[in-house]
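**Q** The chain contents come next:
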Amino acid sequence: MDTNTPTDIYMYFTLYGILGVDEKAQLLVTYIWLHYWWVNEFISWDPVQCGADKITLPKEKFWLPDIVINEFMEENKAPTVPYVCLYSDGTIHDSLPVKIVSSCNLNIYTFPFDIQNCSLTFNSYIYYAMDIKIFSGRSAELITELSKNVMTTKGEWELLDIAVLKKYVNDTYDLYTDKIQYDITVRRRSTMYVVNLLLPSCFLITVDLFSFLLPPQSTDRSSFKMTLILGYTVFLLLMNDLLPVTGNSIPLINVFFTLCLALMVASLLETILITNLLCCTADLPPVPRWLKVLVLKILGFIVCMPRKKKRKSGMCPIH
Amino acid sequence: MDTNTPTDIYMYFTLYGILGVDEKAQLLVTYIWLHYWWVNEFISWDPVQCGADKITLPKEKFWLPDIVINEFMEENKAPTVPYVCLYSDGTIHDSLPVKIVSSCNLNIYTFPFDIQNCSLTFNSYIYYAMDIKIFSGRSAELITELSKNVMTTKGEWELLDIAVLKKYVNDTYDLYTDKIQYDITVRRRSTMYVVNLLLPSCFLITVDLFSFLLPPQSTDRSSFKMTLILGYTVFLLLMNDLLPVTGNSIPLINVFFTLCLALMVASLLETILITNLLCCTADLPPVPRWLKVLVLKILGFIVCMPRKKKRKSGMCPIH
Amino acid sequence: MDTNTPTDIYMYFTLYGILGVDEKAQLLVTYIWLHYWWVNEFISWDPVQCGADKITLPKEKFWLPDIVINEFMEENKAPTVPYVCLYSDGTIHDSLPVKIVSSCNLNIYTFPFDIQNCSLTFNSYIYYAMDIKIFSGRSAELITELSKNVMTTKGEWELLDIAVLKKYVNDTYDLYTDKIQYDITVRRRSTMYVVNLLLPSCFLITVDLFSFLLPPQSTDRSSFKMTLILGYTVFLLLMNDLLPVTGNSIPLINVFFTLCLALMVASLLETILITNLLCCTADLPPVPRWLKVLVLKILGFIVCMPRKKKRKSGMCPIH
Amino acid sequence: MDTNTPTDIYMYFTLYGILGVDEKAQLLVTYIWLHYWWVNEFISWDPVQCGADKITLPKEKFWLPDIVINEFMEENKAPTVPYVCLYSDGTIHDSLPVKIVSSCNLNIYTFPFDIQNCSLTFNSYIYYAMDIKIFSGRSAELITELSKNVMTTKGEWELLDIAVLKKYVNDTYDLYTDKIQYDITVRRRSTMYVVNLLLPSCFLITVDLFSFLLPPQSTDRSSFKMTLILGYTVFLLLMNDLLPVTGNSIPLINVFFTLCLALMVASLLETILITNLLCCTADLPPVPRWLKVLVLKILGFIVCMPRKKKRKSGMCPIH
Amino acid sequence: MDTNTPTDIYMYFTLYGILGVDEKAQLLVTYIWLHYWWVNEFISWDPVQCGADKITLPKEKFWLPDIVINEFMEENKAPTVPYVCLYSDGTIHDSLPVKIVSSCNLNIYTFPFDIQNCSLTFNSYIYYAMDIKIFSGRSAELITELSKNVMTTKGEWELLDIAVLKKYVNDTYDLYTDKIQYDITVRRRSTMYVVNLLLPSCFLITVDLFSFLLPPQSTDRSSFKMTLILGYTVFLLLMNDLLPVTGNSIPLINVFFTLCLALMVASLLETILITNLLCCTADLPPVPRWLKVLVLKILGFIVCMPRKKKRKSGMCPIH
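Protein chains in written order, with our numbering: chain A, 1266 to 1584; chain B, 1266 to 1584; chain C, 1266 to 1584; chain D, 1266 to 1584; chain E, 1266 to 1584.
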């Protein structure tokens, strides 16, 4: 420990659960079982003579590496394990469960179909690379496979892959810190969001499009569209509980919903304009020819109104 | 303890309460009283001579098995019990309450009528099967019966059954880990969900069906249906607070609600189409004979419209 | 302590506050100040000689009874008191505040007017009745009176009564465990629920009843009633935040609200039927005489329609 | 400490923040910095000889008074300070931050303009007045001034005053317990509630009043008023999140809102009655003279209907 | 330590994350890594002789400065680091992560575009300036740059700047306390609020303005506007979840929303008045000339009604 040769620490973890994601504070909550191995040169015994090649002793008697996770944002709330395991060749095996609340750069642009990539960087807090070296005790593929085996629950997030990255970080004092970085890739299961958010929204948009088939002469069409917009606002309320909130980037789905609302409002405004034209132009002087052509060509084209009705447009709807 | 013969640990627990279920993070919160027994060969005394066959001593003086629950996702938040009980034959009895937040594969397909099956797997964290063997101290039937007796509260979940399963798990290092697994089967009490979710939804669907009886000539029918859809959206808002959210599978009840909304939207679109047909076909050329037959046969059959009114369909509703 | 004569423990508590009730998980949160007295035969001194009949010493030097509350579901989150008080005759007085989260069989059938009865059962976790005997140090009336004096706050729950019950429980090993059970009776203050839930509901029901006075010839009556049902759905949303949710029994008030909704839907369906009858029977063949009598007698009686108008029922409402 | 003369403890605190108020559980959350001084006669040294009149030593080596706050309902969640400060004359200065969750009798009758008065009573848990005497180390004015200086944040609550009250409480065993009580007076900042609750409510009431100007002959007036009531119900939903909920007394503002709703419902019922009178009295026999006078005088006066129109009231609105 | 010369403590921190802001309780939650350096004159060794210029030892063996953050409102919930680092010249390096819940005067007047300035004041709790002097170990620019590098997550808040301020505070006992104050300036990312709050509000206001184009003769315009106000109330509900609530100052955006509601209500009231004028003036005596001019000039100008229609204003809308 207190020599000049660095201590090699081998580590791996098994991901036991993805408990949640807080998009606003950019946090990921996971639960892992962490394993460390290192060799203490001062401890060794003859397994044949002592009759056991492995003993278990309380943790507080030993030096433990102060390995922290850089992205940690909360204290560890997992139950503590009070023992470490010593082997006859001086190897010490420490294993403990950790509930990790780690900061993670969550990008929710493609929201219900998003794949997040979060890192867990393990390094010693106090020791530099000349004191402690950290290695991954198992390959990334094995860690991924083991994690997928134990993580049988099917919550909102699905584990895709775990990758290992070794880093030497040059500190400001020209001392290297040894780091090991695990990249966890998770995918959101999106079925619930499609059924609860996208489908009802498409229903309401369809109704809005079809509402142009309602007879334009009565003011009821604008009332109908207003109720539709009201319904969409209520639906936005429902959506607000499900959509992740973050101050940075707007998810594409949010832009889609705002666009839908804009289209509804636009179609309502158009309906109001048409109603105004149909109703109040009776007493006005005849429209100039160029405007008549413009209106008949363009507006008639947009609303797909049967051409013959256009002639009656001077009449007030209620008569 | 430090010999080659494994320590036999007998355990059982009594389920005192089911505190809740978090469907999104796939967690089950229970509260149990846990009992362990094992024999320490170094401790024994003559009960006649000492005048007592049982003494109680502080926990920290003794080796305690580091038995953990595999599914644990939080630290134990139950009050601590500082004593263990020693018997004259060396048996040590340790009992402690545990508040368990365990991960569990919750399947909510049949939502308000669902039965969940969660496991609690007890094993030693550090020791292998050659060091520690775990046995269930009482039969599964007795544990179930005792748990049902003490769990007098009637919350959302009802205990159905507790089963015991013994497992030997072959570790990657060819060492067996001894595990004991308890399967807890709980059933959701569904009365509240039927009264608050299913009944109002059926009411609104009934209203939607009957709304076809409203006279089709006026545009009011579409307004009425739009208000109905608005009401259903508000109801979906209410439902959103009660329905469990999970990213994986959609509960059947959710599909039912989306189907109801789809039906309402379809019936609204049909109403708009009929209104359009009734109102705007006056100035159009007479329909070809084949379409007339089609419309009269099929559309008239769907809407159950009296046949004689069909002749007046060319008239504008407001006249 | 380590003799064959049981230690008599006298205890009482003062209820300082009722912090809340969680109906779904069936929990009651209270805050009490707990007092224990027992006699340690090994401690005694001459108060005259020592000049003090009472000294205060740190808790960790003494054996403390491991008395737990059976219904406890969380760890104690109250501040710790580090001292016990010793009297010259060997009496030890230990007092500590406890924040209790206890499970309780809450029956919310008569919801805003409900009275709950929760028990706190104190017993030793490890010791049997031959080791420890627990007695109530003060009478139930005195505890109730003291608790009412200190609990000046007026939250949602009002303390009615505290009763004491002594129990000997025969364990499965034929050993008696000594228990003492306190029954706390609390009553919910219901003013807020009457004003916020019952009054608005009655308002809306009244409006629904009076809406039959609207002229039946127009389709507006159904639109009016639909808006009313929409308003009631919104109101159910509001109610959802206030009503306690439990999976077991439905509160009477919930049945009342569902009944109100059912009545509104029924009255809406009836309105639609009448509108249909009024509007669409013009072109139908005359009704058979037996049906005419039935309709005029029963339907006319229900809707309280003036008899003369019935003759005009063949006319379409808008003409 | 273990003598017959009581230890005099001087204390004061500075209020650093008012973190929140829970009206339902009747809790106040504050954050204070607490200071204690007392004299330990066994500790004294010559400051000239030792070269320092003050040393700082770890807390656990000393007897500390077990002063608790009676209203405390949670454990202290503030960071711990591990040192006490000793002066050469034996004075010990202990200071620590405390996060207080104290029960408080909150009266919310005058809700958004309410002033709350909460007490913090400091007394020893174990010691009686003959052992420990507590005095306020600084005057109430100074504490108030210091607290206002450090509490620069402007949250929902504004500190008005802190008062000191000394109490001798006669225990049931005829022993005095020495208590010191601080009364903290805080005022709610009400601007937000006025803008978000009172203003929109007044807007809707104004609309309801003006809606009587709508022509009474059509059934649209009742539809309009129904939509208004629907809007008010939605507004009640919004209000529900902001209004404090307590089971005891109803805030005046809640009564006001219920009264507004009652008025709206009453005006809607009246509208329905008038519509009924206007529409359906055509075929009835002429009203008796005494009723005619009554109606024309009273109803005409309430609705402020122009007198001439009354003559046409027998006509059906749609003709 | 126990000499008369003050201990110089150098410190700096790196801001790792801004976890959230609670506007109501005026709290800022950040996560920092804190570094302290000081010289212990009693510790020194010859690095050549001992073979190491740096050793790592458990924290509890050493005196640690009791430096607290004045604005702290919660205990530190970050994981603990059990070691300090000793250099051969007696320098001790202590570094630990801290989760800070600090009170901060949040001004939300310019809400979604607001910049907050929060201070973290580090000082010793017990020691005065003659005992401990605190210096910033790194320049403010370097701290800002380092923090921006490590804080890669893009949550709601963006770090703008960190500034250092040295303060000597004259205590009431004429003793100086040495303080160092860091000012953290953060800016809210406002895109989400613009899309979710401002855009829909502008849409609804636009609809309200255009609704004046609807024909004024029918009472439908008032119904339409009422539905619009209902939609805006629902939208206020949605807004309520997103807007920060504070009792002190009203954000400008809140004033804007209330003004929008007021405008909508005003335009609805005007519509009702016009409807009343159009409908009910038929039977009234001709208006005096001065009022006629006033109405035609001003009201006609406001509503932009075509002048010719005004002549028909005596007609009842439905005829």
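Rather than coming from a laboratory, the hints here were simulated on the basis of the structure. Treat the hints with care, since some could be wrong.
Since the list gives no way to pick out one identical chain from another, each pair is judged satisfied if it fits inside one copy or across any two copies.
Computed list of lysine to any residue pairs in SDA-like fashion (alpha-carbon distance at most 20 Å, straight line) [stated by the list, open to error]: (1) Lys1289 to Ala1531; (2) Lys1398 to Leu1299; (3) Lys1326 to Ile1445; (4) Lys1431 to Val1294; (5) Lys1413 to Thr1345; (6) Lys1398 to Asn1370; (7) Lys1419 to Pro1323; (8) Lys1419 to Thr1450; (9) Lys1324 to Pro1347; (10) Lys1324 to Asp1354; (11) Lys1326 to Cys1467; (12) Lys1319 to Thr1409; (13) Lys1413 to Phe1327; (14) Lys1444 to Val1333; (15) Lys1319 to Leu1425.
**Q** So, for every hint listed, does it hold in this structure?
**A** Here is what the structure says about each hint:
no. : hint               : in the structure
1   : Lys1289 to Ala1531 : neither (32 Å within a copy, 38 Å between copies)
2   : Lys1398 to Leu1299 : within (17 Å within a copy, 23 Å between copies)
3   : Lys1326 to Ile1445 : neither (27 Å within a copy, 30 Å between copies)
4   : Lys1431 to Val1294 : neither (23 Å within a copy, 31 Å between copies)
5   : Lys1413 to Thr1345 : neither (24 Å within a copy, 31 Å between copies)
6   : Lys1398 to Asn1370 : neither (27 Å within a copy, 38 Å between copies)
7   : Lys1419 to Pro1323 : neither (36 Å within a copy, 42 Å between copies)
8   : Lys1419 to Thr1450 : both (16 Å within a copy, 18 Å between copies)
9   : Lys1324 to Pro1347 : both (6 Å within a copy, 13 Å between copies)
10  : Lys1324 to Asp1354 : within (18 Å within a copy, 29 Å between copies)
11  : Lys1326 to Cys1467 : neither (64 Å within a copy, 67 Å between copies)
12  : Lys1319 to Thr1409 : neither (29 Å within a copy, 38 Å between copies)
13  : Lys1413 to Phe1327 : neither (33 Å within a copy, 37 Å between copies)
14  : Lys1444 to Val1333 : within (10 Å within a copy, 30 Å between copies)
15  : Lys1319 to Leu1425 : neither (36 Å within a copy, 43 Å between copies)
Hint compliance for this structure: hints 1, 3, 4, 5, 6, 7, 11, 12, 13 and 15 are not met, and every other hint is.
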